[in-house]
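**Student:** Respectively, the protein sequence lines represent chains V and Y. In case it helps, this note's numbering puts the first sequence at residues 1 to 339. In case it helps, this note's numbering puts the second sequence at residues 340 to 668.
Rather than coming from a laboratory, the hints here were simulated on the basis of the structure. Backbone N, C-alpha and C define an ideal beta-carbon position, used for all residues, glycine too. Just to be clear, a hint being listed does not mean it is correct.
[Stated by the list, open to error] Per the computed footprint, the stretches of chain V lying under chain Y, defined by three or more beta-carbons under 8 angstroms from a beta-carbon of chain Y, are:
1. 157-169
2. 172-186
3. 259-269
[As the list claims (entries may be wrong)] Computed cross-link-like contacts, BS3-like style, restricted to lysine-lysine with a CA-CA straight-line distance of at most 27 angstroms:
4. K153(V) <-> K621(Y)
5. K267(V) <-> K580(Y)
6. K63(V) <-> K177(V)
7. K621(Y) <-> K244(V)
8. K204(V) <-> K595(Y)
[Claimed, not checked] Computed Cβ-Cβ distance ranges for the label pairs, DEER-style:
9. R109(V) <-> S379(Y): 36 to 42 angstroms
10. M633(Y) <-> T39(V): 38 to 44 angstroms
11. E344(Y) <-> R205(V): 32 to 38 angstroms
If you want the building blocks of each chain, they are given just below.
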Amino acid sequence: MSTKLIELRNVSKIFRIGNILTGSELLAVDDVSLSLDGTSPSILSIVGESGSGKTTLARIMLKLIDPSRGEILMQGRNQLDRKTAMSDHEFKRFVQPIFQNPFESFSARKPVDSYLYETALNLGIAPTRRAARDVVAAELESVGLNIDNVTGKYRNQFSGGELQRISVARALIPRPKLIVADEPVSMIDASLRMNVVNLFLELKRTHQVSFIYITHDLSTAYYVSDFIAIMYRGNVVEYGPAGKILEQPEHPYTELLMRSVPVIGDKWDEDVALPDMETSEYSLRACKFAPRCAYAQEICRQARPPMVVIPPDRQSLCYRPVDFRPGVTVAAEPSRAGV
Amino acid sequence: MLTLENISAHYTTRRGVVQAVDNVSLTVRENEILGIAGESGCGKSTLLKVLYGYVARPLSVVAGTLRAEVPNGNGSRRILGLKEMPKVWWQFISYIPQASQSVLNPVITIESQFFDAITRFHQTGSRAQTRRQVADYLRQLELPVDVLNAYPHQLSGGMRQRVLVALATFLHPRIILADEPTTALDVVVQRGILRMLTRVQREMGNSLVVVSHDLGVHYQITHRLAIMYAGKIVEIGPTEKVFARPLHPYTAALIKSLPRIGDQSQREGIAGAPPSLLNPPKGCRFAARCSQVMAHCREIEPPLVEIEPDHFAACHLHDAGVAGKAGVA
Numbered sequence: 001m002s003t004k005l006i007e008l009r010n011v012s013k014i015f016r017i018g019n020i021l022t023g024s025e026l027l028a029v030d031d032v033s034l035s036l037d038g039t040s041p042s043i044l045s046i047v048g049e050s051g052s053g054k055t056t057l058a059r060i061m062l063k064l065i066d067p068s069r070g071e072i073l074m075q076g077r078n079q080l081d082r083k084t085a086m087s088d089h090e091f092k093r094f095v096q097p098i099f100q101n102p103f104e105s106f107s108a109r110k111p112v113d114s115y116l117y118e119t120a121l122n123l124g125i126a127p128t129r130r131a132a133r134d135v136v137a138a139e140l141e142s143v144g145l146n147i148d149n150v151t152g153k154y155r156n157q158f159s160g161g162e163l164q165r166i167s168v169a170r171a172l173i174p175r176p177k178l179i180v181a182d183e184p185v186s187m188i189d190a191s192l193r194m195n196v197v198n199l200f201l202e203l204k205r206t207h208q209v210s211f212i213y214i215t216h217d218l219s220t221a222y223y224v225s226d227f228i229a230i231m232y233r234g235n236v237v238e239y240g241p242a243g244k245i246l247e248q249p250e251h252p253y254t255e256l257l258m259r260s261v262p263v264i265g266d267k268w269d270e271d272v273a274l275p276d277m278e279t280s281e282y283s284l285r286a287c288k289f290a291p292r293c294a295y296a297q298e299i300c301r302q303a304r305p306p307m308v309v310i311p312p313d314r315q316s317l318c319y320r321p322v323d324f325r326p327g328v329t330v331a332a333e334p335s336r337a338g339v
Numbered sequence: 340m341l342t343l344e345n346i347s348a349h350y351t352t353r354r355g356v357v358q359a360v361d362n363v364s365l366t367v368r369e370n371e372i373l374g375i376a377g378e379s380g381c382g383k384s385t386l387l388k389v390l391y392g393y394v395a396r397p398l399s400v401v402a403g404t405l406r407a408e409v410p411n412g413n414g415s416r417r418i419l420g421l422k423e424m425p426k427v428w429w430q431f432i433s434y435i436p437q438a439s440q441s442v443l444n445p446v447i448t449i450e451s452q453f454f455d456a457i458t459r460f461h462q463t464g465s466r467a468q469t470r471r472q473v474a475d476y477l478r479q480l481e482l483p484v485d486v487l488n489a490y491p492h493q494l495s496g497g498m499r500q501r502v503l504v505a506l507a508t509f510l511h512p513r514i515i516l517a518d519e520p521t522t523a524l525d526v527v528v529q530r531g532i533l534r535m536l537t538r539v540q541r542e543m544g545n546s547l548v549v550v551s552h553d554l555g556v557h558y559q560i561t562h563r564l565a566i567m568y569a570g571k572i573v574e575i576g577p578t579e580k581v582f583a584r585p586l587h588p589y590t591a592a593l594i595k596s597l598p599r600i601g602d603q604s605q606r607e608g609i610a611g612a613p614p615s616l617l618n619p620p621k622g623c624r625f626a627a628r629c630s631q632v633m634a635h636c637r638e639i640e641p642p643l644v645e646i647e648p649d650h651f652a653a654c655h656l657h658d659a660g661v662a663g664k665a666g667v668a
């Protein structure tokens, strides 16, 4: 069995809102199992709307927060167990982050390149500042920038697209196996967005680095990913190869998303009203999408559907495939810990 | 019905004067959905503020005129200028701003917000009567009447935005301006709100001006589309034509860069970045990033001219001499 680069097993995260007496709980991530294979570099997109739990999941993977339940394994090593967890140093050489707003990633008071030097020196990638310069120059070049045009400049002297490239260059310095990018292009203008997205595809090939790309944008996810996980209200509701999932959605929520994307060249039928009202779906014990689902049956409102495997390589958190398709099996029972 | 002529609008900042909108002319026609597209900082939101007559420091209109033909109700019309626009807010023209969170008063109920807005400009009967009218209108828009008793923070982002649309359209204004009405909302909610806006426009037969950075939104709902770049309108025409045959290289490159589901072919962004509006370059402002740039593009600013019926572009590729070999990729 090959070792997974990263594997989440039944991960949940509960946030407490308000004080201990009157407060309530929010289940931001609900029993998520996901993994990324380590044999060849690949890009996994985690797609969801605001409040779907995708950023919380990214923060768990970056060990910025601990999950409330479940396990995280990196290269087979349990990260929540001190005996097997990576040291801080090892971890930073294994996984690196890229954040949403490049203007917030860099201080206004420090030259942008100082971040790159710090990463190289602090993680022991280069022993001296002179050696660090070579490393920094090489990584800036791999994102299409010349070190002479970056040296000594501050963040307001760059466009958002350039700054995000510099964030990518910084993340590449420790030569990580994995980069977790949380909405890396949502603050970037459309004309510059593809330059950053294309960079991921190129680095996957040239640097053998895998990406977890967190986004709400289905079209860039489709363009860049090998695999896509669709999140809804804390659950991964559908998982599989990018093309199959978006071209032939299996889960009714994915289907609804696809009908809502404003595609150029394919006009909406104006009279269709989609179930778009937000209700208190977080706390439902059954399928959280059932109140808005066109296919919902009695069972959907009573019990949480299982994650079912649709051969050869897809999964859907829905009763429908079990009923409608031959050869479908149950992959994982919902965690007994429950809601 | 509402016309801007050679408008320039500037922001005075500590670092200098930002020429956010530079010599722009635009007409909002009756019974149309007009889209304004462009990237952040291109001046599209500023242009919308000028259309609304909402000009306050640090923004100032340094050149040009606004002309609004406002119906008097007896068939005649009066002509208003920029400074007189606040008098006809809500009744003739209304504005749906970008952040629904910050425009609704957080400490009063939705019902009171309606009451405040309506009575300020429009004398009606008793409060109970107004409440009935508002409730009827919400039902027409398929909104739950319960929202009237709620405070803004108790509503979801999508519901707040719907309430704003209802508020802005309650007095049946002739023109509705919407600034990024669905930014930061989920796509499914977005589609619902766009449907609501287009339905209201169709039923009232008025004009809707929508500012959005999302070309997909413009493709779906607008009749006419203006593309802005660095403070200028570089192309304007019927939406279908702009997408089918973009005349400006910026429009063409922007449309081409968008990834589409079902097509995994390589897409390229546009190299470079927009110029600073503190000190914009002379000539065409897109010249530095244009793949079809010619020597005089950097010297002479191209005017916005009609290339085919109702379809205008500001680009030297369409000058008489070059027209033969033009043809924007």
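**Student:** Against chain Y, does the region 157-169 of chain V show at least 3 residues with beta-carbon separation below 8 angstroms?
**Tutor:** Since 3 is at least three, the answer is holds.
**Student:** Check the hint pairing K267(V) with K580(Y) against an upper bound of 27 angstroms on the C-alpha distance.
**Tutor:** Holds, because 14 angstroms separates the two Cα atoms, which is no more than 27 angstroms.
**Student:** Please test the hint of 38 to 44 angstroms on the beta carbon pair from M633(Y) and T39(V).
**Tutor:** With a Cβ separation near 51 angstroms, M633(Y) and T39(V) fall outside 38 to 44 angstroms, so the hint is violated.
**Student:** Using the C-beta atoms of R109(V) and S379(Y), is the stated range 36 to 42 angstroms upheld?
**Tutor:** Violated, at about 24 angstroms.
**Student:** K621(Y) and K244(V) were given as a pair; does the straight-line alpha-carbon distance stay at or below 27 angstroms?
**Tutor:** violated, 49 angstroms
**Student:** Taken at face value, is the distance from the CA of K595(Y) to the CA of K204(V) at most 27 angstroms?
**Tutor:** holds, 24 angstroms
**Student:** Checking C-beta pairs, does the region 259-269 of chain V have three or more residues closer than 8 angstroms to chain Y?
**Tutor:** Holds, because 9 residues of the region 259-269 of chain V bring their Cβ atoms closer than 8 angstroms to Cβ atoms of chain Y.
**Student:** Holds or violated: the region 172-186 of chain V covered by chain Y, criterion of 3 or more residues with Cβ-Cβ distance under 8 angstroms?
**Tutor:** violated (count 0)
**Student:** Tell me if the straight-line CA distance from K153(V) to K621(Y) falls inside 27 angstroms.
**Tutor:** holds, 26 angstroms
**Student:** Does the Cβ distance between E344(Y) and R205(V) fall inside 32 to 38 angstroms?
**Tutor:** 53 angstroms Cβ-Cβ, so the 32 to 38 angstroms window is violated.
**Student:** Going straight from one Cα to the other, do K63(V) and K177(V) come out at no more than 27 angstroms?
**Tutor:** holds, 16 angstroms
The structure is inconsistent with the numbered hints 2, 7, 9, 10, 11, although it conforms to all the rest.
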